[in-house]
Amino acid sequence: MDDDLRVVGKRVAAVDAYQKVTGTAEYCTNISLPGMLVGKVLRSPHAHARVVKVDGSKAEVLSGVKAIVTHQDVPRKVFTYNVMTYQLPQGELQDMHLFDHKARYIGDPVAAVAAVNEEIANEALRLIDVEYEPLPAVFTVDEAVKPGAPVVHDFAENNTPVPPTPVFCYGQDVEELFKEADAIAEGTFSTSKQIQAGLEPACSVAHFHDGRLTVWSQIQLPHMARKMLAYLFDLPESKVRLIQPFAGTGFGAGTDLCCEPYACALAIKAGAPVKVLYSRSEDFANRITREHICKIEMKIGVRKDGAPLALKAKYTGDAGAYMCKAASGCGVALASNITEYKFESMYQEIEAIYTNHVACGAMRGFGGVQSSFARESLIDEVCEKIGMDPIEFRLKYHRNVGELGWFPTTQISSCGLDECLRAGAETIGWYEKKALPKNGVRRRGLGVACMAWLSGAQPMLLEHSNAILKFNEDGGCSLFVSPGNMGQGILGTLAQIAAEVLGLEYRDINLIYGDTDLTGFDIGTHASRGLYCIGRAVKKAAEDARAQILERASAILDAPADQLDIKDRKVFVKNEPERSALLSQISNACIYDYQKGCRQIVAHATVDPAEFAPPWQAGFAEVEVDTQTGVVEVIRWITVHDVGRAINPQVVEGQLEGGTAQGIGFALYEDTQIIHGKLLTDGFDKYRIPSMLDLPEHETVLVEQGDPTGPFGAKSVGESGLFLQVPAIANAIYDAVGVRIRDLPMSPERILKALKEKTAP
Amino acid sequence: MILPGFEYRKAASVAEAIAFYNDFQGKARYLAGGTDLMPLLKYRLSTPAAVVDLKGIQELGAISADHGWLTIGANVTLFDLKNDPVVKEYFPVLCQSLEATSCETLQMRGTIGGNLLQDTRCIEYNKTMEWRTARGFCLKMGGETCNVVPHSRICLSNYCSDNALSLIALSAEVSLAGPEGDKTTGLEKIFSGCGSRVFALGPGEILTRIRIPMEKSRGVYEKLRVRNSIDYPLAAVAVAMRQNGARVCVGGVGPAPRVYDLTGTDAGSVRDGAQKAYTDARAVPNSTLSPTYRRKMVRALFRRAVNKILSEGK
Amino acid sequence: MFFRALRHFEFFEPKTVAEANELLLSYGHQASVMAGGLSLIQTMKTGEKKPEAVISLQKIDSLKFIDSDNDQDLKIGALATIRSIEKSREVQKHWAVLVQTARCIGSVEVRRMGTVVGNLCDGTPASDLATILIAMGAKMRVTSSGAEREVPLENFCVGPHQTVLEEGEMVREVRVPSLGDHSFASYVNLARTKPDITKVSVGVLVKNQNGACGDVRIAVGAVAPVIVRVRKAEELLRGEKLKASTIEEAARLAQEDVVVRPITDIRSNAGYRKEMVRVLVERALTDVVDKMNGAHAH
Amino acid sequence: MRRIVCTFVVNGVTRELLVETNALLSEVLQDDLGLKGVHVGCGTGDCGACTVLVDGLPVLSCSTLAVTVRGKEITTVEGMANGTKLHPLQESFIEHGALQCGYCTPGMLLASKRLLEINPSPSRQDIKDALAGHLCRCTGYNKIVDAVMAAAEGEE
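Chains as they are written, first to last, in the numbering used here: chain A, 1 to 761; chain B, 1 to 314; chain C, 1 to 298; chain D, 1 to 156.
Bound conformation, chain A alone:
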């Protein structure tokens, strides 16, 4: 690796932090436009009902009501909240209508109103006369597939849009290999639908003006959201402008539409800007949550020396009322199982079933969280059976460079897992503590888990990114990019890459982003792709700009371009550094040169990567279990992560530490409870995300095994911070008290129950 880096690898402040600490940052929730109206959605109180009649006439005449939209006011089109559908050549199944004739979950929108203030909007909602014909509803996958079950969508037989389908299988018959196995572990795991729970509630502002629709949205995928909204309202894409202000949410929540279609429909009808702001309970109950996988049945078999033979798994998903990411969510869950270990053979299938629940979307660690819970728990079990240390097993049997990666056509391009496992084991004192006896009311235990992920979902999904660099006369430049900016630190990181290549300072790069009118096309941010994919585009554009600068400088310095270099805002001849020209001089000449002709330096680069550059990670938990109450306290958590290259170590740590909090929350506290289709945990008082007092001191150790395909060797870090808390804590609980918890969250109630079952004769 090139160690002569000046900007890359440095801890620099986030480009937008100043605005955020001074309260000047603009979020969707605090946008205020002249003449703006309050938009509200009228929702079905029934989990399943035919909407016989929607009559807004009484509400319409209420003074201050500016628009009422029902199914009569919008083009009847099949669509989906899941704008990622455009990343697959055949798309994902679309099964939604804006205000359908049938409500399929409690909260399904049937109408919306825009009024001059909230009070009138609420009153108008009350005055809309809706006649429902309630239908029997179905809330579990088991009920949904029974003959005679209520039909959620007419086209889906047995409520099964995705019947059990084998995906990404390889090797010989797994059943044959299980016969050869010396140790087998199997189990059924269940997870809850984690809520992304960004602090900013769902909000969107739309304005239809002069034939153009402008939408302020928290979306992470601005360009594809633009495409979907254009389609939905019969507008060309160029007539739709998507602006992404600062977003106080994300974590996958922004990969699906939420209130945008309703804000747009109202704005088009009212001819005035409309803000749709969900209350916290409306947000939790209607924003589509973590992918739908609710049940994982997995079986693994190994030889007595640990050699992994076969893995068989089935993922069953409660898709809810609409498909959204049901298919791709399962797919990623399966694919992410391939990379970690050298199983000779793998057979996995997926199934998705409709119920009358709110649909599911995506959350950080898409599918991989669920599969790692099952896989890493079972690995520990077989290790125990064959008497092998779990770290030993992982060191010995993980895949390595050149081997098969997550997707059948990809290869692993780098792997730092050995170092991750060793560093983590040492930091937590694995071997010393493992040897300690367990007794008393409160017992301690250690757990480990590991994982490989990806840096963008190529080649399964289209991962097209563009970057444009424009030089000003002073040598500073503007970088036009379009990631989903949720504060994860991607903007500054991209600026660092450009600055490094161009011999500029970090602050010389002025970022232009968050507006589809200004930037080139980009898929946006999902699947940990931001740094790897957009970073590659930025690096390529910067290299192009650099070549243009050197070419121009070559004439000025009278030296061949290949003998020139840029550093500290200066171009110089490599072996005669005193022969130099300021970058500002050169850029100025490019713009104001009367003799040699003007040509401003503008560089554009497109990328559509084919490699997947897996980041590797090991997680270590030390827990204390209260055997009388079942309460688990995480004493210490260590994340060790092979990030390839930490472009900004502070940002990388931030991502991993944030992931840790969400992972511990998912493991122990976060429990989405739905009864008869009604979300009970619809607020921060009921759905508990960890507070400062609930997290242990947690540490992050970075391993930098540069990936040859990544920008400056960098791999992703966006999602992988939260894969391992669940399995590592589960393994640590087993280590402490000898019970295997296979349902999330691992609540005191569940642990105590397991402890009792264990001691029962």
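Incorrect hints may have been included.
[To be verified] Cβ-to-Cβ under 8 Å is the rule here; a few derived chain A residues that face chain D:
id : residue
1  : 22
2  : 27
3  : 34
4  : 35
5  : 135
6  : 198
7  : 231
8  : 245
9  : 247
10 : 685
11 : 696
[What the hints assert, rightly or not] Here are the simulated EDC-like pairs of lysine to aspartate or glutamate, each with C-alpha atoms no more than 16 Å apart in a straight line:
id : chain 1 : residue 1 : chain 2 : residue 2
12 : A       : 10        : D       : 126
13 : C       : 87        : D       : 126
14 : A       : 574       : A       : 4
15 : C       : 207       : C       : 167
16 : C       : 194       : D       : 129
17 : A       : 227       : A       : 237
18 : C       : 45        : A       : 4
[Stated by the list, open to error] Pair ranges (Cβ atoms, derived):
id : chain 1 : residue 1 : chain 2 : residue 2 : range
19 : B       : 278       : D       : 16        : 55 to 65 Å
20 : D       : 15        : B       : 7         : 28 to 38 Å
21 : B       : 61        : D       : 13        : 36 to 46 Å
22 : D       : 3         : B       : 46        : 46 to 56 Å
23 : B       : 39        : D       : 16        : 21 to 31 Å
24 : A       : 303       : C       : 243       : 48 to 58 Å
25 : A       : 757       : C       : 231       : 25 to 35 Å
26 : D       : 13        : B       : 39        : 25 to 35 Å
27 : D       : 16        : A       : 61        : 28 to 38 Å
Simulated from the structure, these hints should not be mistaken for lab results.
Glycine included, each C-beta is placed from N, C-alpha and C at the ideal position.
Fit chains B, C and D to the known structure of chain A by using the hints.
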């Protein structure tokens, strides 16, 4: 530009308005439509301690015809007055001058009382505080001299109400109410003739009503301006012809309108009248057109207006 | 002007208790009394309460007090915040268990805005303060126009969010008996996360009578529609020395007491709650023993 | 009374407003005064994002009637910096990467400000106790505690 700070009072009756005026020891200005007062306040040309709003005085909002007079409350807007059927039928000159006043938006806001009591204007006067300070205060601002005509001892800023001219031509009278009591006088008599203190009104007096003798008239209003809308008159002539003769009123030049009763309608009388008006007009370079031209135009508009009535039978 | 989560209401800020009482009387059940406002505003947001009038006590200075005359009863005025209990030197010194209990509640902001009396009047069976205060024998002083009465806190709630307060009545203060040198109290609770609402809690008070249990009161929170006392366990302990086996037996009796009728909700399930009554009673009593021994050692 | 003329001293400036009795402090600060640094996360007092200082004390603006704090000094995050000179806590939050999406940041900063005023050299546990009511979904809190610690050390 922002308004200076002041107290605000809204009066429900004329008496209450006068009481408010007294409460502030006379450091109050009356507000009607505000189209004249607001710019004056913003420019700090007037800095009253209080503004007394007259718009709430219902009794001043009516137009009534009885006892041989058309009585117009001071709060009647120019727009409503313009569309009044009696005005249309009886007083075409007033109709025309109302139509020529600024633009419809302002006609809807401005009242007839406020229009009559508008301040005089000068190219050196209606300017920002900073501009005026840099230039030096003139007579109208309490300074020593005139910035238009050096050494002049009298302010010749221009009185720009279109409707005062037609009302004077129609021999209108105005009622005034004040701390000292009520009175009625000919409209032409309320002018002091001096631009720095335009009106000869007592302190706290309110113009409450205007009345016009109910006699059908023919009339023409001729106005010199650069644009066909919004502009104040740079010179203007109103003519009202009744059975007992024609009355002409000239304005837009100098601080007070001038009245001419035509002795006859023959060409000679008209020419003489026009020449007299030309001679009387004391135009100085205080507007956007040259004084010589404006004076000539007084004469020309005078003749044109009278002749229009005669030829068209208006 | 644009976003307003609450409906309109008349707002009153009486300056005296008498004024407040009059307002309460004239508005009757259409009025809501507001002290800190935290829970009232939430219930108004959800529409559970739609008062015509909100009567804020915040301007009644005579209700802002924490008094204890020389180690006598602790009197907590209706406007004393939970935070002020935490910060009071007197309370820290003589009623330390209240400080410890207060810290189980939400966040610093919530404790600063919320009042002790407001917390008790909210009438939730999960109230940390109510659980320990019932064990300590606290009494509510209730006033109405022209009358005052005292209600033991343990009789104050008759159901979830239902109190014995009648139309026109409000609570002026809560009185907590002095612990003296011979009484020892302990509070233990379980919650999903640290700032979360308690899922089970136990408060105990034991009077040390020559090394044995004198009077004893055990209150259990969040296991019934109201906070309950487990009297069988109390009876067992009375007059006994607090040996491990006695404590264990008392804890078992507490769990089996008929008043312990927990429900399953989002925070926990009935079976777990019931079982935790035993564990927590045992822990609270053990803590009391430790405190007694500690005091003895002094 | 359904509307009350209220005077607030907001970030050092006296503001007189006609406030409906049902208006929450957060709504008045956001809607009527246009302060974008007031963020409401839950509306139920469970996330702390909406925290502002009332007479120097952290208060949940989403659960406070505006009329009840009339006459008081209100500080929002916009009032923390002195002109272009940031408050040491603001500097420290930037330097330590103690924010990501930034939505919880104003509340965190204001509560920390109060903490350092009464406890200039807090322990990590003191900081966690003081900020326990402030949820953050992005950072995992480590860097927030680091930033407050560093600001406290810097002030000494």
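Against the structure, the hints come out as follows:
1. 22: holds, 6 Å
2. 27: Where the cut-off is 8 Å and the nearest Cβ of chain D is about 7 Å from residue 27 of chain A, the hint holds.
3. 34: violated, 12 Å
4. 35: Status violated, d = 14 Å.
5. 135: violated, 33 Å
6. 198: holds, 6 Å
7. 231: Constraint on residue 231 of chain A not satisfied, violated at 29 Å.
8. 245: violated, 10 Å
9. 247: holds, 6 Å
10. 685: It holds, given that the least Cβ distance between residue 685 of chain A and chain D is near 5 Å, below 8 Å.
11. 696: Given a least distance of 10 Å, the restraint on residue 696 of chain A is violated.
12. A:10 <-> D:126: violated, 31 Å
13. C:87 <-> D:126: Holds: residue 87 of chain C and residue 126 of chain D sit about 15 Å apart, inside 16 Å.
14. A:574 <-> A:4: Given that 16 Å is the threshold and the Cα spacing comes to 15 Å, the pair holds.
15. C:207 <-> C:167: It is violated: about 37 Å lies between the C-alpha atoms, which goes past 16 Å.
16. C:194 <-> D:129: OK: residue 194 of chain C and residue 129 of chain D at ~10 Å, within 16 Å.
17. A:227 <-> A:237: With Cα atoms ~6 Å apart, residue 227 of chain A and residue 237 of chain A stay inside 16 Å; holds.
18. C:45 <-> A:4: Violated, at roughly 59 Å.
19. B:278 <-> D:16: 55 to 65 Å: Hint holds: Cβ distance 58 Å, inside 55 to 65 Å.
20. D:15 <-> B:7: 28 to 38 Å: violated, 20 Å
21. B:61 <-> D:13: 36 to 46 Å: With a Cβ separation near 41 Å, residue 61 of chain B and residue 13 of chain D satisfy 36 to 46 Å, so the hint holds.
22. D:3 <-> B:46: 46 to 56 Å: Check failed, 33 Å falls outside 46 to 56 Å.
23. B:39 <-> D:16: 21 to 31 Å: holds, 27 Å
24. A:303 <-> C:243: 48 to 58 Å: holds, 56 Å
25. A:757 <-> C:231: 25 to 35 Å: Between residue 757 of chain A and residue 231 of chain C, where Cβ atoms are some 33 Å apart, the hint holds.
26. D:13 <-> B:39: 25 to 35 Å: holds, 29 Å
27. D:16 <-> A:61: 28 to 38 Å: holds, 37 Å
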